[in-house]
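Please take these sequences and the hints and turn them into a complete structure.
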Amino acid sequence: MYTLRLIVRNAFRHGLRTALTTLGIVIAVLAFGLLQTVIGAWFAGVDASSATRLITRNAISLIFPLPLSYEERIRAVPGVVATAKANWFGGVYIDKRNFFPQFAVDADAYFKLYPEFVVDAEQFRAFQHDGKGCVVGRKLAQTYGWKLGDAVPLRGTIFPGSWEFVVRAIYRGADDKTDESQFFFHWDYLNERLKKSGPRRANQVGFFLVGIADGNTAAQTSQQIDTLFRNSLAETLTETEKAFLLGFVSMTEAIVVAIRLVSFVIIIIIMAVMANTMAMSARERRAEYATLKAIGFAPPFLAGLLFGESLFIALCGGVLGIAATFPVVHGFGRLMVKLFPVFQLSMATVAMQFAAAALVGLFAVLVPGWNAMRTRIADGLRAVA
Amino acid sequence: MPDLGNAQPLVDIRNLSKSYVRGGQVVPVLRDVTLDVAAGEFVALMGPSGSGKTTLLNLIAGIDKPNGGSLQVDGVDIGALTESELAAWRAASVGFIFQFYNLLPVLTAFENVELPLLLTRLSARERREHVRAALDMVGLSDRASHRPAELSGGQQQRVAIARAIIADPVLLMADEPTGDLDRVSAADVLELMGRLNYELGKTIIMVTHDQRAAQAARRLVHLDKGVLTDQVEAHEG
Chain A
572 MYTLRLIVRN AFRHGLRTAL TTLGIVIAVL AFGLLQTVIG AWFAGVDASS
622 ATRLITRNAI SLIFPLPLSY EERIRAVPGV VATAKANWFG GVYIDKRNFF
672 PQFAVDADAY FKLYPEFVVD AEQFRAFQHD GKGCVVGRKL AQTYGWKLGD
722 AVPLRGTIFP GSWEFVVRAI YRGADDKTDE SQFFFHWDYL NERLKKSGPR
772 RANQVGFFLV GIADGNTAAQ TSQQIDTLFR NSLAETLTET EKAFLLGFVS
822 MTEAIVVAIR LVSFVIIIII MAVMANTMAM SARERRAEYA TLKAIGFAPP
872 FLAGLLFGES LFIALCGGVL GIAATFPVVH GFGRLMVKLF PVFQLSMATV
922 AMQFAAAALV GLFAVLVPGW NAMRTRIADG LRAVA
Chain B
2 MPDLGNAQPL VDIRNLSKSY VRGGQVVPVL RDVTLDVAAG EFVALMGPSG
52 SGKTTLLNLI AGIDKPNGGS LQVDGVDIGA LTESELAAWR AASVGFIFQF
102 YNLLPVLTAF ENVELPLLLT RLSARERREH VRAALDMVGL SDRASHRPAE
152 LSGGQQQRVA IARAIIADPV LLMADEPTGD LDRVSAADVL ELMGRLNYEL
202 GKTIIMVTHD QRAAQAARRL VHLDKGVLTD QVEAHEG
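Chains as they are written, first to last, in this note's numbering: chain A, 572 to 956; chain B, 2 to 238.
Simulated from the structure, these hints should not be mistaken for laboratory data.
There's no promise every hint is true.
Said to hold, decoys possible - A partial selection of chain A residues facing chain B, derived with a Cβ cut-off under 8 Å:
no., residue
1, TYR573
2, ARG580
3, TRP613
4, GLN753
5, ARG857
6, GLU859
7, ALA869
8, LEU952
Note that CB positions come from ideal geometry on N, CA and C, so glycine has one too.
Below, the structure is given as structure tokens:
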């Protein structure tokens, strides 16, 4: 208790210096946590993917469709329990800046394969009975103030023209990792319209969602599906949902790497600041360390005082920084909901923040602690504080 | 009053020498010093700046190691001890009184005095009793909860003296104990040190420039350019 008292009092000996150093650590830990959360949000879709869902798309590129007739053959592959078709719509709601994912899907099959999209049964029935109905995510509805029954007009880009929809259901995520910013409407609505406006584009599917019984058979099932269509006009590439989503993330991998690098550089910078603070403190207390050594305290005791003080300041800053991260992530998430529909501070990130603060406290004092241990008593007693 | 008769000397120094390396050159600081200090003596080391008196004090206290000669304190060959053995020996055998007190500013007077007892096996309760007794002896019981910044120079030095005697060391080493004090405070401190020597038989070796401080001692040892030049027995207490 005596030693702990000495450590804490030394930490607050220079109030302003300690306060500013702690503030620096708070900001660094907060920034670190925020950047790690951004990285987490980048991979949110990947983390939410299911091992029992496969995506079958055109092997050349996702922008090329697949024939509708493939679905029956895919469903017949052993291990496949369900299939659903989907097309990326890419329409514009009022302004191009109002981006949100839009899919034409065969809703019954699609929502069965996505149990994490929780829809009220009555609302879903209303959607099923309305050919122009749409199901929107809760966050998306909140963003634009949509309520049940509201009309949502979209201007088609991939599928030109004006498209009218009516909000018939609002889904919520089964957990906080689920994306609640998506927009779904009937695949038949799209297809029927295409039959009139662009027949050559009708009966074409963007990708098939394939449900399998056992996630361990994903590779085998994927291969079987692709074998079915080898040497056809539209060869397929089937992969797990995770691999499919990772493909998108990898396009922006450089950004993710840069963000990760910056987050660690922030910690290294604050480590240098902390090391400077501790070095100043150690220099000022040379005479005290010499006195303690003269009295009979061993060098490790002196190093322990400095380590304790450094760790105390760093962890105070770390805890405050972690506490501040929660409201900041919440606010940032609300601002960036269009870019990051799922923006959550994970416990893994909190643990990393705490570890970063602890490492700052430990590494910053390595050199000053070593020097304190090596202080020659006679030289230290001559030092002017 | 302690008997300074024919007892074995507490501090036995024979042909002691010490030099430092400064800028690649070997600078002798002490040359061939031979000196005895009996238990219960109060010795003042005097001499001009650079005469080696603080170096001699540091060697006797086990803060530094000699290059030549022998140095025994209470039968222990100081020069033969390792660093950790020296630290343990100092904790048990030596009390320090510094010119600038060297109290820890974030600790109260009580906590500063208690510091050396952390190296003993005394319980917290026992430590408290010892500290109260020591502060009582130096007349600062009512200032126990004050930090050094709240004490005068003389009071700080008395706290330092309490810290120096708390573990009941065989030797008290004082380096210019009155160097930073006004005349009245200096007199108080010297009177206290005199009582510690005269009434409790504490052996004190003090470095001082101050003639008035030297009068508190019973033997004056003069050094010049690292050589012991003179020893004078002062009048009794």
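Verification of the hints:
1. TYR573: holds, 6 Å
2. ARG580: Hint on A/ARG580: holds, closest Cβ of chain B at ~4 Å, below 8 Å.
3. TRP613: violated, 47 Å
4. GLN753: violated, 59 Å
5. ARG857: violated, 11 Å
6. GLU859: holds, 6 Å
7. ALA869: holds, 6 Å
8. LEU952: Since the shortest Cβ distance to chain B is 7 Å, the answer is holds.
This entry does not satisfy hints 3, 4, 5, going by the numbered hints stated previously.
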